[in-house]
Structures are given as structure tokens and as C-alpha cells.
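For the sequence shown, the positions run 1 to 284 when UniProt numbering is used.
These are computed hints drawn from the structure, not numbers from a lab.
These figures come from a predicted structure and were not determined experimentally.
Every residue, glycine too, gets a C-beta built ideally from N, C-alpha and C.
Mixed in with the good hints, there may be bad ones.
As the list claims (entries may be wrong) - Restraint-style ranges between C-beta atoms, simulated for each label pair:
1) 83 <-> 206: 51 to 57 Å
2) 244 <-> 130: 24 to 30 Å
3) 186 <-> 234: 20 to 26 Å
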Amino acid sequence: MRHTDDSEAIGPETPVDGAESTLRFARAGAEERSGGGVLEDGEAAPTDSDPQPPETLPPSGGGETEPPERRPVTAPPRRKRWGRRIVAVVFLGVMLIPVLTWGWVWYTARQDARPVSDAIVVLGASQYNGDPSPVFEARLQHAADLYRDGVADTVITVGGNQPGDNYTEGGSGRKWLRERGIPAEDLIGIGEGSNTLRSIDAVSQVFSEQGWTSAVLVTDPWHSLRTRTMARDAGIEAAASPVRSGPAVEERETQLWYITRETASIWYYWLFGDSSDVDVSMPT
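Start from the sequences and build out the full structure, keeping to the hints where you can.
The structure is reproduced here in C-alpha cells:
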């Protein structure tokens, strides 16, 4: 009987190899029945019935892109909101100022204040060789009516002349009133004033000399606000009694032109402290 050495390697016919072969055969059979396979490390191979992860397509640009970052929507800072509101209010105010001034000129033109005063002051207008223009004549007639109504005991006519004129507006107005029955001692003609502000300055000097403080101003309706403002700035307690007849108030187009012009003129005075150089005569 032949003895084998314990150190001799076990051949392929050993029982151990047979058991391993049987195990592999059983696994192969199970793999065929299930349609899958078993990996060498013991994990089951994926089968057709197993869910597959969705296939991702590469980006059209050829590179990898990240989803856009979503930032939380927040309201603008409180300081910015207040800044916008302030800008809006200022803009609205700038737009409303001319409209409100236009309305103020219109409103003042329709007031007729005739308190008892020291003097009636007639603002001059164009004159032609000593004869008042229709606009100036309407003012003089209104002043004569106020004088006869007892508003004041003195009538002052004021206004200079243009280069080449032989007469001043103040002198022409005084002469016209004298011819209409106003006593000479109750008339003062001031032949100075190339514009409204210069005329008011000249009247203010006479008031200071006479110790007078109050006056009723006679001019066209649309000219009343600016004239009254200048007189009050000169220290005169001024009221305005505008004319209600004459070319300056008869035509609607003329009225609109005067109101718009006076709106710009009073702002010119407020901003620069001077009278505008635009003639106040009726446009032709």
C-alpha cells in the first residue's frame, strides 16, 4: 500500500477542488436562470430589470455648467426708498410752482381792494406826445373814480419816458387828470421809472418825504400782484384796485398772455430782485 506525503500538494482531483467546482457550477446555473451574473467579489451583477440611472446629456456649450444661484428677493433699503420719495416730491413741487403762481396772478387780478389810504398811485403806460395810450387812459379813469369815491385825497401818476419822447408818463397822466377836473393841488406827477420797480422806488421816496404809509395801486389786473409785492417790499401798505375796462382786459387771448407773462415776471423779481425788461404793453 502506497503512502502519500502530507506535504504533497493537493491535485485537481482532491475533494476540496470538487466542492469548489460544484459551488461555481451552482452559481452559474442560478445566473442563467435569473438573467444576471455574479461578480467575482460576490456582488450580484446588474440585470436588465434593474432600474438604470437617467442618462445626462453634456451641455451644448461643451463645458460643465452649474445651476444659477438663486438670490433671495429683498426690498430696497429704507434710505433709498426715502431718497426716491424726496426726489419725487421735489419734482412734483417744481412742476406745481408755476401753476400755483399762475393761479395766484389770476386770483389777485379779480380782487378789488380800495381802503381809505394816503394816496392813489397810478402806474404809467405808453403815451404818445403827451396823450395817454388806451391802456394808460383806462388806468387814469379808474383812479379818477376812486378819488371821487373818497378813497384818497391825492393821486400820484408815475412813469418815465422813452428815448426821444418829449413827455413822461407821469406828466402825461397828471395833465389828463387835471383836464378831467381833478384839482392840481391833489395831483403829483413823478416823471421817473423805466419799469415797475423803478416807478415803485420813486413813489416810495415821495411817501417818505410826505410821511405817508398807505396806498391803493391802480394798474391792469394781471399786473396787480407784482406791483403790490414790490410796493410792500418798499415799506408801503399797499392794496390793489385793478381796472375793469380797456384793451388789457377785453380780449381773452390778451388776458392769457398777460397772466403767463406776469407769472414769469414775478418769479424774475423774486429770484433777481429786479423788474423784467419785457414791455408790459398789450401785444400786437
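Range agreement (Cβ of residue 130 with Cβ of residue 244, hint 24 to 30 Å): With Cβ atoms ~26 Å apart, the hint holds.
Please test the hint of 20 to 26 Å on the beta carbon pair from residue 186 and residue 234. holds, 23 Å
Using the beta carbons of residue 83 and residue 206, state whether their distance is inside 51 to 57 Å or not. Distance hint for residue 83, residue 206 holds at roughly 53 Å.
The structure meets every hint from the earlier list without exception.
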